[in-house]
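Asker: Working from the sequences, and respecting the hints, build out all of it.
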Amino acid sequence: MISKLFLKTPLAWRQLMKERTRLAVAVAGITFADMLIFIQMGFESALFDAAIQPHRKLLGDLVLINPQFNSLFSTKSFSRDKLYQALSYEGVASVNSIYIGTAQWRNPQTRIDRPILVWGVDPYQPGLRFPEVEKNKDTLKSLNHIMFDQAGRPEYGEVGKIFQKTGNFQTELNNNLVSVRGLFSNGASFAADGNVVASDSTFLRLFPQRKSDQIEVGLINLKPGTDIQKLKAQLKIGLNPDPNSPFVEVGTTEDFAQKEKNYWATSTGIGFIFGLGVAVGFIVGIVIVYQILYSDVSDHLAEYATLKAMGYTDWYLLGVLIQESLFLAILGYLPSLFLSLGLYQLTFIATMLPITMKAERAINVLILTVIMCSISGAIALGKLRSADPADIY
Amino acid sequence: MLGISYDIKIATQTVIEVSQLNHYFGEGALKKQVLFDINLQIKSGEIVIMTGPSGSGKTTLLSLMGGLRSAQEGSLQILNQEVCGASKRVLTKMRRQIGYIFQAHNLMSFLTAKENVKMSLELHPEYLNQDINTKAIAMLEQVGLGDRVNYYPESLSGGQKQRVAIARALVSHPKIVLADEPTASLDKQSGRDVVELMQKLAKEQGCTILLVTHDNRILDIADRIIYMEDGQLR
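Quick note, the sequences are listed as chains U and F, same order. Residue numbers for the first sequence follow the working numbering, so the first one is 1 and each next one is one higher. Residue numbers for the second sequence follow the working numbering, so the first one is 1 and each next one is one higher.
Hints were generated in silico from the structure; no laboratory data involved. No residue lacks a Cβ here, since even glycine has one placed at the ideal position from N, Cα and C. Hints are all accurate, no fakes.
Every beta carbon over 10 Å from chain F, so not counted as near; a handful from chain U, in silico:
id	residue
1	Leu-36
2	Ser-77
3	Ser-88
4	Asn-107
5	Arg-114
6	Glu-134
7	Thr-139
8	Gly-160
9	Gly-275
10	Phe-282
11	Phe-327
12	Tyr-344
13	Gln-345
14	Leu-346
15	Arg-361
16	Ala-378
Cross-link-like lysine to any residue pairs, in silico, SDA-like; alpha carbons within 20 Å at most:
id	chain 1	residue 1	chain 2	residue 2
17	U	Lys-18	F	Tyr-151
18	U	Lys-18	F	Ser-109
19	F	Lys-93	U	Leu-318
20	F	Lys-88	U	Ser-386
21	U	Lys-261	U	Leu-276
22	F	Lys-88	U	Leu-318
23	F	Lys-88	U	Leu-381
24	U	Lys-8	F	His-173
25	U	Lys-8	F	Val-149
26	F	Lys-32	U	Asp-391
27	F	Lys-88	U	Leu-317
28	F	Lys-88	U	Asp-314
29	F	Lys-93	U	Tyr-316
30	U	Lys-8	F	Lys-93
31	U	Lys-383	F	Ser-109
32	F	Lys-88	U	Ala-390
33	F	Lys-93	U	Arg-385
34	U	Lys-18	F	Ser-155
35	U	Lys-8	F	Tyr-151
36	F	Lys-188	F	Gln-199
37	U	Lys-8	U	Leu-326
38	U	Lys-18	F	Val-149
39	F	Lys-88	U	Trp-315
40	U	Lys-141	U	Ser-201
Answerer: Have a look at this one:
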């Protein structure tokens, strides 16, 4: 049966290949539409990934936060007592806490202040999965010694460059003199253009109005073999006597990250803007493929009518049209995939955003392309139906 | 029509039988009758030429016989199959038993001569077990285009294109060949060659030919000539 299929003349393929210029235009059009989609999806995902990058660097099996803490953009604190209370639960090995606050960083060259996110950590056990922080945590023990995120925006000054040259970089943070004694890499996000890690004592000096027992993030490390989901449920009930006004929210670091992502995706215009970009790319693609298929069918209308006269069915011709659109979909998709990889690399170099091609996205765009071409084929079908064998005599 | 017997090898049977066929174009007040009480019998192996002035209804009758248009009134039997009131599926199936040759060659411009001929064979599952490539090439050799099998229609002359069309129409051994002005766009010599080729191949395969033409130079190949005027056979 299959071998018989190969014996048949591949009408759709031959038709596409006969008109190389038209094919090239069609493929270029689909590639363009696909790249538009890839860029929009890539930017969106990169911005979300950047937003939740710090969350994923938290060292802890479970995280406690204030239920109103939706984004690093506006942090909320809760009482450290709740974290100590968690220590009494079976399976909890240790706890750790982190302060987070936004301070004003002064660029010493321009003398312009710019907000920066400050992470106040225990210098003996920073609770952050940055290898550079873990390696140089001792430098944080001295008061007003901090570590600087060299992947942040360049507006903070040439911190990395000067530090690497001189081993020190002094500036004012919330009007306190601080000196950079180490570098790490996280990157800018919606919530913060840059990051600074300081010891908890330094943090409380930078933010004198803050109370030491009010923390932003409580990290809970579990004993090996503990059922995380079960303990999460226990803590949720145990730490919140009144479920209607909970003191803390319990979740994994990934839960925490997804909460941040949801904040940017749903309560801001970002998800809509990029979604619109994808939709525009999709529609552009439909229009281009439809134009190509329509002119192809129009040019060959007499030939299609002849095929009908010879005894070919409407279904056969429909199949030819569908095959043609699928060929176009694949021929246009492949170059767009490779070009997008290049564009992602360019974007990464220019913006430091963590933009990468994900297998899931590559497959989604392929499916979108096939749908796009099928819709065009379905619209062009109307023209095909007008091929009447009675007209050709 | 009188049943005239012909000295041919296969038993003489009626392949086209038309009786009291009427056909109309348009609807309502614009309805216009184009065929009036057509009665016609064509036996297998016969070569019939239908002539008459433009607009007399020849092409309409031909397209009804070919199942390209649905018959409306009366009876029209093709290969013992009633076409009047037949479903679209039946018509499509019936068309596969008929070879068509058009005034414009109507070849697929994006396929080579050989592939054009193959398109006709691929409609018949029984040929797919055989080497349809060889079959298509052999057919093109028969029409004198053995050296042009891989040419696209755009690089063939008018006469050559029409010969490819003949190869396409005859390669699957249809019982009936319907041709509409096959020589109209050809010069005298090519036109002559084309009809003689049709005649030769049709006699070899024992198929029936119904040919519509204005061309007086080719009337001599016919076994019978019928004349149509104002939608009526005279």
